[in-house]
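So the sequences go chain by chain: G and B.
Mapping of the first sequence onto full-length UniProt numbering: residues 1 to 595, in sequence order.
Mapping of the second sequence onto full-length UniProt numbering: residues 1 to 595, in sequence order.
It cannot be assumed that every hint is accurate.
To be verified - Derived lysine-lysine pairs resembling BS3-like cross-links, with alpha carbons at most 30 Å apart: (1) G/422 x G/318; (2) B/189 x G/334; (3) B/546 x B/5; (4) B/546 x B/23; (5) G/591 x B/540; (6) B/5 x B/422; (7) G/282 x B/334; (8) B/189 x B/66; (9) B/146 x B/83; (10) G/591 x B/318; (11) B/422 x G/79; (12) B/318 x G/224; (13) G/79 x G/146; (14) G/318 x B/224; (15) G/66 x B/66; (16) G/224 x B/334; (17) G/79 x G/249; (18) G/66 x B/422; (19) B/422 x G/249; (20) B/282 x B/146; (21) B/492 x B/540; (22) G/334 x B/591; (23) B/224 x G/330; (24) B/5 x B/318; (25) G/492 x G/540; (26) G/591 x B/330; (27) B/484 x G/591; (28) G/330 x B/591; (29) G/5 x G/79; (30) G/546 x B/591; (31) B/249 x G/422; (32) B/249 x B/189; (33) B/5 x B/47; (34) G/23 x G/484; (35) G/83 x G/249; (36) G/282 x G/189; (37) G/540 x B/591; (38) G/189 x B/334.
If you're looking for bench data, these hints aren't it; they were derived computationally from the structure.
None of these values were measured; they are calculated from a predicted model.
2 protein chains.
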Amino acid sequence: MPSYKAPVDDIRFVLNDVLNIGKYSNLAGFADAPRDVVDAILDEGAKICERVLAPLNQVGDAEGCKIADGVVTTPTGFKQAYKTFVDGGWPGITGDPEFGGQGMPYVLGFALNEFVSSSNMAFGMYPGLSHGAYAAIHQWGTDDQKQTYLPKLVSGEWTGTMNLTEPHCGTDLGLLRTRAEPQGDGTYKITGTKIFISAGEHDMSDNIIHLVLAKIPGGPEGVKGISLFIVPKFMVEADGSLGARNGVKAGNIEHKMGIIGNSTCVMNFDEATGFLIGEEHKGLRAMFTMMNAARLGVGIQGLSQAEVAYQNAAIYAKDRLQMRSISGTKFPEKPADPIIVHPDVRRMLLSIRSFVEGARAFYLWTGLKIDLSHKDPDPAVREANDDIVALVTPVVKGYLTDKGFESTVAAQQVFGGHGYIKEWGMEQFVRDARISQIYEGTNGIQALDLVGRKLGQNGGRGLFAYIGEVEHFVAENAGNAELKPFLDGLQKATGDLRDGAMWFMQNAMANPDNAGAGSVEYMHLFGIQVLAYMWSQMAKISLDAKAAGTATEFHENKLIVGRFFLDRIVPDTASLLVKLSAGADSIMALKAANF
Amino acid sequence: MPSYKAPVDDIRFVLNDVLNIGKYSNLAGFADAPRDVVDAILDEGAKICERVLAPLNQVGDAEGCKIADGVVTTPTGFKQAYKTFVDGGWPGITGDPEFGGQGMPYVLGFALNEFVSSSNMAFGMYPGLSHGAYAAIHQWGTDDQKQTYLPKLVSGEWTGTMNLTEPHCGTDLGLLRTRAEPQGDGTYKITGTKIFISAGEHDMSDNIIHLVLAKIPGGPEGVKGISLFIVPKFMVEADGSLGARNGVKAGNIEHKMGIIGNSTCVMNFDEATGFLIGEEHKGLRAMFTMMNAARLGVGIQGLSQAEVAYQNAAIYAKDRLQMRSISGTKFPEKPADPIIVHPDVRRMLLSIRSFVEGARAFYLWTGLKIDLSHKDPDPAVREANDDIVALVTPVVKGYLTDKGFESTVAAQQVFGGHGYIKEWGMEQFVRDARISQIYEGTNGIQALDLVGRKLGQNGGRGLFAYIGEVEHFVAENAGNAELKPFLDGLQKATGDLRDGAMWFMQNAMANPDNAGAGSVEYMHLFGIQVLAYMWSQMAKISLDAKAAGTATEFHENKLIVGRFFLDRIVPDTASLLVKLSAGADSIMALKAANF
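Sequences are here, hints too, so could you generate the full structure?
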């Protein structure tokens with residue numbers, strides 16, 4: 001059975017040394033999170049993930065969820081684990097204190113998300129989906145709606161879902177058919193079928209709050225006529241008690257490649273009572289509140305599977321004896337050397353690790369920017385952070401899941417034939433990670449969001465702010481000779497990032513297909529560049545520690561792994577730039593019928 | 001349910017126009033395979049694969065094989081399909097006529113292999129493994145062994161297996177523990193446990209001929225003390241009838257990520273009677289006879305899954321309506337445009353297709369070289385072809401399976417959320433393709449074989465012969481202005497291939513870890529270069545057809561897809577060269593304990 005140990009030390013290094021979150025103690029939430037509190041939360045979070053959730057990961061995959069007449073039974077142990085999770089107060093860690101939450105910074109919540117996803121991604125989606133519902137109601141709900149739903153979502157007594165997709169429409173929500181008939185009393189009758197609904201029905205909470213996209217008859221065509229509704233599984237009475245069963249029922253559980261422990265449902269709405277959230281026909285805006293939160297969470301899922309897969313592959317590589325080192329026997333007393341002596345095994349492991357540690361710094365850096373975009377007293381700072389968050393959200397989602405998946409495949413490869421056998425658990429990481437590239441907007445959609453919307457948004461304000469931050473860092477450290485290889489790599493990657501943006505500016509106006517044709521390559525270029533920035537910062541801190549005589553092996557390891565990232569990953573920005581600059585011609589030339 | 005149509009036209013184009021196999025009609029086998037015969041065989045092969053094998057692919061995945069007291073039942077329909085396959089004479093298509101085979105060229109057999117693997121990879125492994133057993137007995141067996149086993153293997157009445165791996169040893173066969181005790185009568189008693197044995201036990205044939213690696217006590221240590229044995233499931237009497245059940249039994253069926261329709265067994269040998277094949281302690285040599293054949297077959301498996309996944313993704317992309325083209329609505333009469341209008345969907349499809357068509361030409365070109373290495377009357381030609389086959393075998397296996405897997409993932413991505421749902425069949429292609437990167441030597445081992453052995457073998461004779469062939473082609477077509485973009489790309493890639501080899505020559509002698517550290521990157525560089533060579537040849541034929549006024553849309557499509565390969569894939573050789581030239585330093589620096 002695979003094991004999992006939460007990377008608490010690495011999280012602490014990023015929070016304290018790289019991001020220096022202590023300096024934000026003037027801000028709400030941060031004030032309540034001094035280092036000892038953060039340490040205690042991380043340690044306790046690590047414990048429940050390692051001891052309660054991780055041991056259920058293979059159980060969930062093997063058993064799956066059962067459905068009978070719309071009633072879903074989750075895998076053995078899930079219900080009890082969820083109770084433990086709720087009793088520990090974990091669902092509400094970043095929740096608004098007004099509704100019973102602990103109000104902790106997002107940057108800390110993100111770290112805990114990683115632990116939960118690494119230990120049991122399918123389980124993590126039950127509380128995970130609640131965050132999206134929480135965010136939408138918190139931002140767009142009426143006071144009454146907030147009082148009715150938020151305390152229970154924050155406590156975890158109830159969970160939430162996002163009901164968007166229908167059989168014939170995923171990306172293109174303008175096509176959706178679910179109808180919402182106004183009843184004249186402020187409520188609506190919702191009728192239609194939704195598919196791929198994560199945690200759509202289960203036995204872990206008293207109530208499930210579905211957020212459902214539907215069209216009110218007579219509204220505008222397409223996405224401009226979509227509204228968002230709250231559809232509780234059980235109606236909530238005025239006193240907060242549960243009333244009648246609403247007309248929403250799970251029709252089936254999807255047969256999926258992975259995340260089998262999560263009950264991904266077909267949901268049938270049959271004149272279910274729904275409550276409009278936000279304005280009529282303005283549902284898309286509210287939907288994006290859920291979606292943006294969810295996209296960052298999915299990016300973390302991608303990385304989380306890479307992390308746990310890495311841990312197990314590293315253990316195996318140190319244990320498995322096979323062949324002798326090509327540079328001479330290393331363990332003559334053993335019948336063969338452990339495979340960690342082989343350069344290619346190390347290459348695979350370091351590819352994963354240099355991604356994971358860089359990506360971890362990236363998502364935490366993004367999490368901090370979310371906190372600052374909400375809480376900084378200076379509106380200009382809030383705006384600058386918000387711009388950067390908007391810009392990098394598709395990169396967190398797309399790059400972290402593409403590389404996360406690739407990393408699980410590499411970790412499986414370290415196991416040779418055993419990696420293909422279920423008992424070892426490695427192939428489950430591959431199957432689970434795979435969904436992260438698909439849901440909450442496929443990575444192709446993320447790339448289009450990045451290139452087609454975010455790059456040019458507000459006259460490119462986000463990109464300028466981001467590149468400005470990077471250049472400031474480079475300038476500030478220009479005299480640091482030992483850091484030079486990192487800064488050189490970072491500057492090369494940043495130049496390619498800028499050139500790519502320039503190429504789109506010059507070529508996508510005349511032919512928009514040039515944007516679509518190179519968008520995924522650009523997203524990957526961006527991902528490598530931003531990780532080069534993270535590695536440069538981590539290297540700087542590590543070199544500072546060496547200069548100060550406070551360095552440990554931890555810092556030495558950072559410098560080695562960072563160097564690997566420079567040697568083996570950064571060179572890809574050049575070829576990605578060449579490829580995207582080839583434009584759309586050879587992509588659009590083939591007649592559709594000839595595919 | 002996914003569909004499959006054998007790419008007969010593309011195979012014909014490569015066989016007739018690119019490889020011009022008609023000009024070898026002076027050689028054995030080719031003489032019996034004029035164009036009309038080849039056409040008929042391809043058409044009949046296509047039929048059985050499309051109509052009999054493909055419909056069973058999902059059945060095999062869903063049902064798997066059952067085992068009870070060592071008796072294995074294959075999935076519904078497999079047994080009957082195998083009978084149809086045998087009745088059609090398919091197992092013996094390239095078999096030696098002396099033993100009942102049809103003696104057709106390998107290049108044709110390879111094409112049929114692709115059809116079988118695309119339609120049902122798990123099924124294809126039952127007859128597929130027989131080829132390895134056949135090859136070993138054909139090359140190393142005594143006349144008596146040949147007469148006893150080959151006719152039945154050729155007819156398909158019996159199947160074969162390869163019993164190499166043990167729980168503690170896969171790559172490192174020197175560690176194996178299975179013992180072969182000589183009985184004084186020329187036979188041996190074989191005792192031990194083998195794992196991951198494809199088609200190890202099943203209900204489809206009367207007998208199963210296991211080829212088993214074991215150690216004869218008192219022999220040399222390590223791989224120098226390994227011998228190969230024939231261990232039939234049922235003893236074969238002098239008159240050819242089946243006798244007593246031998247002491248070999250399936251202990252379990254492995255629980256695998258994919259190829260679930262194949263009975264991959266744990267095999268227990270308990271004083272089973274074995275017959276030495278070849279010389280004592282020289283088993284590795286005979287094993288490689290099986291292995292090299294198997295490696296090429298596995299490369300074809302990788303490509304085969306990419307092909308069938310591509311076909312289904314292309315159908316879906318033309319059918320699925322979602323969003324409008326960013327360059328303006330293409331189908332105003334429909335509620336949305338089919339997703340084939342989106343550049344990124346096309347990019348994914350063309351990435352697969354440009355790989356598949358290039359890789360198909362590559363494996364067929366390799367297959368022809370195998371034929372020539374056996375059959376050309378000129379020993380120098382035989383040697384040159386044999387050198388190139390030895391050189392590229394790890395590239396066929398490693399590159400075609402790495403990119404084959406990646407292609408199935410891309411094809412799955414085209415389906416969005418539906419790609420993750422079992423009913424659509426796309427995720428099975430991903431799971432099935434995954435094993436091809438692992439078995440018959442992981443792709444890391446292939447890369448090491450390429451860089452550590454094959455590059456330098458016979459003073460680099462193979463590489464010189466290969467690059468000579470490429471340069472001859474370039475020189476011959478130097479005046480062809482329309483072909484110039486292809487030749488430019490090919491020359492750039494060939495330069496990188498040569499520079500990479502040079503770098504290893506200069507840096508791996510002093511530090512062998514430099515070879516291991518860059519070997520996978522070099523294998524990929526080689527794969528791209530060889531596909532650029534194939535695309536250049538296909539482009540030349542297509543341009544010739546245009547010049548002659550005989551071009552069809554088929555030729556136009558080739559030029560477009562080839563152009564995509566130049567634009568989007570060839571640029572990677574540059575970054576691969578940079579990466580491998582970084583050497584082993586950052587890979588070997590981290591202490592083993594710190595992984």
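Here is what the structure says about each hint:
1. A hinted pair counts as satisfied when its Cα atoms are at most 30 Å apart, and residue 422 of chain G with residue 318 of chain G qualifies at roughly 21 Å.
2. Taken as a hint, the residue 189 of chain B and residue 334 of chain G pair is honoured in the structure, with Cα atoms around 29 Å apart against an allowance of 30 Å.
3. Under the criterion of a C-alpha separation no larger than 30 Å, the hint pairing residue 546 of chain B with residue 5 of chain B is consistent with the structure, at around 27 Å.
4. Taken as a hint, the residue 546 of chain B and residue 23 of chain B pair is honoured in the structure, with Cα atoms around 23 Å apart against an allowance of 30 Å.
5. With a CA separation close to 21 Å, the supplied pair residue 591 of chain G and residue 540 of chain B stays within the 30 Å bound.
6. Only pairs whose Cα atoms come within 30 Å are accepted, and residue 5 of chain B paired with residue 422 of chain B is accepted, the gap being roughly 21 Å.
7. With a C-alpha separation of about 25 Å, the suggested pairing of residue 282 of chain G with residue 334 of chain B holds against the 30 Å cut-off.
8. Among the hinted pairs, residue 189 of chain B with residue 66 of chain B is consistent with the structure: their alpha-carbon atoms are about 28 Å apart, no more than 30 Å.
9. The straight-line distance between the Cα atoms of residue 146 of chain B and residue 83 of chain B is roughly 23 Å, inside the 30 Å bound, and the hint therefore holds.
10. Between residue 591 of chain G and residue 318 of chain B the CA atoms are separated by roughly 11 Å; this keeps the pair inside 30 Å, and the hint holds.
11. A threshold of 30 Å between alpha carbons decides the hint, and for residue 422 of chain B with residue 79 of chain G the separation of about 26 Å falls inside it, so the pair holds.
12. Proximity of residue 318 of chain B to residue 224 of chain G is assessed by CA-CA distance (about 26 Å); at most 30 Å being required, the pair is judged to hold.
13. At most 30 Å may separate the alpha-carbon atoms for a hinted pair to count; residue 79 of chain G and residue 146 of chain G meet this at roughly 26 Å.
14. For the proposed pair residue 318 of chain G and residue 224 of chain B, the alpha carbon gap of about 26 Å is at most 30 Å, so the pair holds.
15. Distance restraint check for residue 66 of chain G and residue 66 of chain B: the Cα-Cα separation of roughly 23 Å lies within the 30 Å cut-off, and the hinted pair is therefore satisfied.
16. For a cut-off of 30 Å, the pair hint linking residue 224 of chain G to residue 334 of chain B stands: about 18 Å separates their Cα positions.
17. For the hint linking residue 79 of chain G to residue 249 of chain G, the alpha-carbon distance of about 20 Å falls within 30 Å, and the restraint holds.
18. Note on residue 66 of chain G and residue 422 of chain B: the hinted pairing holds, with a Cα-Cα distance of about 17 Å set against a maximum of 30 Å.
19. Of the supplied pair hints, the one linking residue 422 of chain B and residue 249 of chain G holds, its CA atoms being roughly 22 Å apart against a limit of 30 Å.
20. Proximity of residue 282 of chain B to residue 146 of chain B is assessed by CA-CA distance (about 19 Å); at most 30 Å being required, the pair is judged to hold.
21. For the hint linking residue 492 of chain B to residue 540 of chain B, the alpha-carbon distance of about 18 Å falls within 30 Å, and the restraint holds.
22. The straight-line distance between the Cα atoms of residue 334 of chain G and residue 591 of chain B is roughly 19 Å, inside the 30 Å bound, and the hint therefore holds.
23. Pair hint residue 224 of chain B plus residue 330 of chain G holds up; C-alpha atoms about 21 Å apart against a cutoff of 30 Å.
24. A C-alpha spacing of about 17 Å is found between residue 5 of chain B and residue 318 of chain B, which places the hinted pair at or below 30 Å, so the restraint holds.
25. Between residue 492 of chain G and residue 540 of chain G, the direct Cα distance comes to roughly 18 Å. Compliance with the 30 Å bound is thereby established for this hinted pair.
26. Between the alpha carbons of residue 591 of chain G and residue 330 of chain B the distance comes to roughly 13 Å, so the proposed pair stays at or under 30 Å and holds.
27. This hinted pair checks out: residue 484 of chain B and residue 591 of chain G have alpha carbons roughly 24 Å apart, not beyond 30 Å.
28. Under the criterion of a C-alpha separation no larger than 30 Å, the hint pairing residue 330 of chain G with residue 591 of chain B is consistent with the structure, at around 13 Å.
29. Pair hint residue 5 of chain G plus residue 79 of chain G holds up; C-alpha atoms about 23 Å apart against a cutoff of 30 Å.
30. For the given pair, residue 546 of chain G sits about 18 Å from residue 591 of chain B by alpha-carbon distance, which is consistent with the 30 Å threshold.
31. About 22 Å separates the Cα atoms of residue 249 of chain B and residue 422 of chain G, which keeps this hinted pair within 30 Å; it holds.
32. Restraint check for residue 249 of chain B and residue 189 of chain B: satisfied, since their Cα atoms lie roughly 14 Å apart, inside the 30 Å limit.
33. A hinted pair counts as satisfied when its Cα atoms are at most 30 Å apart, and residue 5 of chain B with residue 47 of chain B qualifies at roughly 9 Å.
34. This hinted pair checks out: residue 23 of chain G and residue 484 of chain G have alpha carbons roughly 27 Å apart, not beyond 30 Å.
35. Distance restraint check for residue 83 of chain G and residue 249 of chain G: the Cα-Cα separation of roughly 23 Å lies within the 30 Å cut-off, and the hinted pair is therefore satisfied.
36. Taking the CA atoms of residue 282 of chain G and residue 189 of chain G, the gap is near 18 Å; set against the 30 Å cutoff, the hint holds.
37. Taken as a hint, the residue 540 of chain G and residue 591 of chain B pair is honoured in the structure, with Cα atoms around 21 Å apart against an allowance of 30 Å.
38. Annotation: proposed proximity of residue 189 of chain G to residue 334 of chain B holds, straight-line Cα distance about 29 Å (limit 30 Å).
When held up to the earlier numbered hints, the structure conflicts with none and fits them all.
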